[in-house]
Amino acid sequence: MAYLDHAATTPMLPQALDAYVRTARELGNASSLHASGRAARRIVEESRERIGEALGAKPSEVVFTGSGTEADNLAVKGLHWARRGAGRNRIVTTSIEHHAVADAVAWLGDHEQAEITQLPADKFGRVCVEALDELLADHASEVTVITAMWANNEVGTLQPVEEIVALAAPHGIPVHTDAVQAIGHTPVDFAAGGADALALSGHKLGGPAGVGALLLKRDTKCTPLLHGGGQEREIRSGTLDVPGIAALAEAVDLAVRTRDSEARRLTDLRELLVDRVLAIEPEAVYNGDPEHRLPGNAHFSFPGCEGDALLMLLDAAGVECATGSACSAGIAQPSHVLLAMGAGEQDARSSLRFTLGWSSGEDDVEALAAALPEAVERARSAGLS
Amino acid sequence: MKLRVLAAMSGGVDSAVAAARAAEAGHDVTGVHLALSKNPQTYRSGARGCCTIEDSRDARRAADVIGIPFYVWDMAERFHEEVVEDFYSEYAAGRTPNPCLRCNEKIKFAAVLDRAMALGFDAVATGHYARKDSDGLLRRAVDPGKDQSYVLAVLTPAQLAHSMFPLGDTPKDRVRLEAQERGLAVARKPDSHDICFIADGDTSGFLKRRLGSETGEIVDAATGEVLGDHDGAHQFTVGQRHGLGLQRPAENGKPRYVLSITPVDNRVEVGPREALQVEHIRTGEPVWLAPERTGPFEAEVQLRAHGEVYPATVTADEQGLAARLHRPAYGVAAGQALVVYDPDAEAGDAVLASGTIDATRSPAAADESVEAAGV
Ligand SMILES: Cc1ncc(COP(=O)(O)O)c(C=O)c1O
Chain H
1 MAYLDHAATT PMLPQALDAY VRTARELGNA SSLHASGRAA RRIVEESRER IGEALGAKPS
61 EVVFTGSGTE ADNLAVKGLH WARRGAGRNR IVTTSIEHHA VADAVAWLGD HEQAEITQLP
121 ADKFGRVCVE ALDELLADHA SEVTVITAMW ANNEVGTLQP VEEIVALAAP HGIPVHTDAV
181 QAIGHTPVDF AAGGADALAL SGHKLGGPAG VGALLLKRDT KCTPLLHGGG QEREIRSGTL
241 DVPGIAALAE AVDLAVRTRD SEARRLTDLR ELLVDRVLAI EPEAVYNGDP EHRLPGNAHF
301 SFPGCEGDAL LMLLDAAGVE CATGSACSAG IAQPSHVLLA MGAGEQDARS SLRFTLGWSS
361 GEDDVEALAA ALPEAVERAR SAGLS
Chain Z
1 MKLRVLAAMS GGVDSAVAAA RAAEAGHDVT GVHLALSKNP QTYRSGARGC CTIEDSRDAR
61 RAADVIGIPF YVWDMAERFH EEVVEDFYSE YAAGRTPNPC LRCNEKIKFA AVLDRAMALG
121 FDAVATGHYA RKDSDGLLRR AVDPGKDQSY VLAVLTPAQL AHSMFPLGDT PKDRVRLEAQ
181 ERGLAVARKP DSHDICFIAD GDTSGFLKRR LGSETGEIVD AATGEVLGDH DGAHQFTVGQ
241 RHGLGLQRPA ENGKPRYVLS ITPVDNRVEV GPREALQVEH IRTGEPVWLA PERTGPFEAE
301 VQLRAHGEVY PATVTADEQG LAARLHRPAY GVAAGQALVV YDPDAEAGDA VLASGTIDAT
361 RSPAAADESV EAAGV
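Just so you know, the protein sequences line up as chains H and Z, in that order. Numbering of the first sequence is given in the working numbering, commencing with residue 1 and proceeding in unit increments. Numbering of the second sequence is given in the working numbering, commencing with residue 1 and proceeding in unit increments.
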């Protein structure tokens, strides 16, 4: 089997798995005062320090959450709620966000009448900063929060987060960035980047699913989503998942330390994949930014083929990938990211995403190259029905 | 022979067991749920329909238990065009369509089968109760109460050749038991009975919303006397007795029935049960599932799903089938299929041909078109 869907989830790094299993054997609620509690708390705090260290954040800026989705929701809603006021009820987002951000923003629009500005993207899937510049010139005082992802999960394009931060800073507008796909693949430094909030997720970088974190500047006000024991700076409640957090720290640390060499290795592997695909199917369109993209991401449109059909055929041949499009009610919808990039509905429905990760090798690419010709031929004859 | 089989999985017990059986027979099976509604409801209410997201989940869960890949295919647009729109226009034309039959003809064994074949599958398997024999004939299922050969009789021989009905040899209660034994959670799920795209079961309301509710007359067919009014001829089916809303009973106190529906002037004619008697039936273009015949030959005909069976003399040409019933039928609605069976108590009656009913004639009245067609 060739697994080419690391952006959906990547296998746990052996070190992270070890840390998980080791810690899961131990007893202790990190909030308890007795010895078991202290032992658990020590693991949590050491993990916090390691994550801060790896990502350029102070330990106190690390807020553990139950997923990347929760971190995004907490940032978007929490920052918006904390700053909303008379004449200020506008959220600025982009047209290419993951649903964890996009749907949180849309919910605030639908249920709380938040005004929403979506920054457009260019044909490479890169957010247009000029639009933000224009907006802030007249409407800066209306904006509660700006949320823009670090790297796009579908087409892999790296985003101009630092430019966005630079535009927002003079107006004192907090910026949240969804860096779930970026951590461990491209350099991310929380302090240097200047964002107020940054979301990450365990299972995208070699840690477990169901644990994530929000890096949140100490003086940035954020209204909690979950109320309860107040474990994480009174901003996030819920008994901490000690093994998950230990494994997350292990994975973040390792992913960041090996990042540069892995990025080079994966970029080479990706270029091999792109060459193979384009040699087999010269009509295929390589989407996204050819240069400024995640090392492991290769995203294509296959004209005349339905992405769903290709996925099924490749799956049957033991090659696992994704269409990148979200499911709405079990029915694949054309990707909003590709639509934002100016693709037509047909192109958006004919796309396929291959993503590489730490366990990927040339054999995975060759397995794809072996299965792709027949899959494309069959999918094409089935057409875009 | 090991085939690549696409199992259409509605989320119900029948299609789940059919898929499991195909897999167990050694075929390479992939489950596919057909999303037929553009705006599916999240949950099923009662025993209706098969197009909710919950049904899709049930199908996926069954596929996981069976251990086969599972996908959702979006057929909503095709289904709407070919089945729902056809449903409206048939009623608007005063006929009574059978949407399940249309779905088999245009979606399951056409759009889905075509796509499956293009993608490299050899056959489509469904949970229909019908049998296919070694000569490729379509036969009634072992379970007479569940037999669905009628709604499959519209398939062409080519479509039938690429179809699999793994449940044809098994009674329904055995299928449920088997589902339970296989650990399929849908074992106790109620059957769906109604038209799947009318979630609340209110066909008349569904038609009204689209076709309107224009007032028209209910007329005594014999005297021409206006007996009352109605709010849309599309609300009626030939042979219908209830829901006419007539104030005055017939002179002889006997119930009145819908005899005919004329959409152009929105007119519904009623009369006594005797006037519903039909002995001659003519269809549109026939589909032959057995070697073509011109007749006249003796056979049995069925005029609606789960309906009675009538011995008849059948003749045929390219334009259609003509059946002369040996015993009159009552309330035969145009738009339904006439399915011709070759009776066989042992192997199951074999489907010979089918056609959509477009004209009928009672023993008494003389209908030119039927007469001319040589019935
Ligand atoms: C960009 C991005 N943000 C957020 C998420 C959600 O993270 P999680 O799966 O931990 O909830 C994902 C994962 O699909 C993602 O790719």
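I should point out that these hints are in silico values taken from the structure, not numbers from a laboratory. Hints should not be assumed to be uniformly reliable.
Said to hold, decoys possible - Beta-carbon label-pair distances, calculated as ranges:
| hint | chain 1 | residue 1 | chain 2 | residue 2 | range |
| --- | --- | --- | --- | --- | --- |
| 1 | Z | T262 | H | T117 | 35 to 41 Å |
| 2 | Z | T262 | H | Q333 | 43 to 49 Å |
| 3 | Z | S89 | H | Q333 | 28 to 34 Å |
| 4 | H | G109 | Z | R210 | 29 to 35 Å |
| 5 | H | E377 | Z | T262 | 49 to 55 Å |
Unchecked claim - Some residues of chain Z that are not near chain H, with every Cβ distance over 12 Å (derived):
| hint | residue |
| --- | --- |
| 6 | P144 |
| 7 | L244 |
| 8 | G245 |
Note that CB positions come from ideal geometry on N, CA and C, so glycine has one too.
Against the structure, the hints come out as follows:
no., hint, in the structure
1, Z:T262 to H:T117: 35 to 41 Å, "58 Å, violated"
2, Z:T262 to H:Q333: 43 to 49 Å, "44 Å, holds"
3, Z:S89 to H:Q333: 28 to 34 Å, "29 Å, holds"
4, H:G109 to Z:R210: 29 to 35 Å, "33 Å, holds"
5, H:E377 to Z:T262: 49 to 55 Å, "53 Å, holds"
6, P144, "35 Å, holds"
7, L244, "40 Å, holds"
8, G245, "39 Å, holds"
Figure legend: structure checked against the earlier numbered hints; the only hint not met is number 1.
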